[in-house]
Amino acid sequence: MTIKLGFLSVGLGYETETETGVANRRFWAFADTVRRLVWEGIPSNHAEAITKFLSVIEMMEEANLSNYKVEFESKQNHHFSLSQHEIEKLRSDVEKICTKNDINMRGMMKTIKYDVTKYCIGADVTKYCIGAVLSIAALGTAGRIVS
Numbered sequence: 001m002t003i004k005l006g007f008l009s010v011g012l013g014y015e016t017e018t019e020t021g022v023a024n025r026r027f028w029a030f031a032d033t034v035r036r037l038v039w040e041g042i043p044s045n046h047a048e049a050i051t052k053f054l055s056v057i058e059m060m061e062e063a064n065l066s067n068y069k070v071e072f073e074s075k076q077n078h079h080f081s082l083s084q085h086e087i088e089k090l091r092s093d094v095e096k097i098c099t100k101n102d103i104n105m106r107g108m109m110k111t112i113k114y115d116v117t118k119y120c121i122g123a124d125v126t127k128y129c130i131g132a133v134l135s136i137a138a139l140g141t142a143g144r145i146v147s
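Reminder that position 83 of the sequence shown reads as 83 in UniProt numbering, one-by-one numbering, no gaps.
It is possible that some hints are incorrect.
Unchecked claim - Calculated pairs, DSS-like style, for lysine-lysine (alpha carbon to alpha carbon, straight line, at most 25 Å):
no., residue 1, residue 2
1, Lys110, Lys96
2, Lys89, Lys100
3, Lys127, Lys113
4, Lys110, Lys100
5, Lys89, Lys75
6, Lys100, Lys113
Hints listed in this document are in silico derivations from the structure and should not be mistaken for laboratory results. Here the structure is a predicted model, which is why all the values come from computation and not from measurement.
Please construct the entire structure, taking both the sequences and the accompanying hints into account.
As structure tokens, then:
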């Protein structure tokens with residue numbers, strides 16, 4: 001499809017409606033810029049050359065922006081991948097620490113249970129000894145009373 005406007009002729013080789021719409025907008029912006037420059041007193045061939053130059057600069061900027069976007073997305077994906085790897089390392093480290101703490105807690109609980117059992121046995125022995133001494137004293141006192 002070719003669009004003609006006075007001294008301008010632009011060929012469009014686009015196949016999709018979106019690309020054709022973008023090309024049409026660019027053509028009309030191009031034609032409008034040329035018209036304004038001619039209206040300001042610049043010869044039409046100079047106005048067309050200036051506008052083409054501006055269009056080339058615009059296309060170069062769009063290409064640079066597109067490259068920047070691709071590079072940015074690539075770096076972003078790389079950074080995301082590194083972050084995921086670091087998160088997995090941290091998760092593994094946290095699990096190891098939790099396992100060590102769990103083992104330490106079990107050992108401490110066993111030690112505490114052992115200590116409590118030891119003190120309970122000591123208390124029972126003390127009670128038995130006190131009971132035996134009191135029994136002997138009671139028998140001695142009863143023997144004196146009876147004799």
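Could you tell me which of the hints above the structure violates, numbers in ascending order?
Of the numbered hints given earlier, the structure breaks none, since each of them holds.
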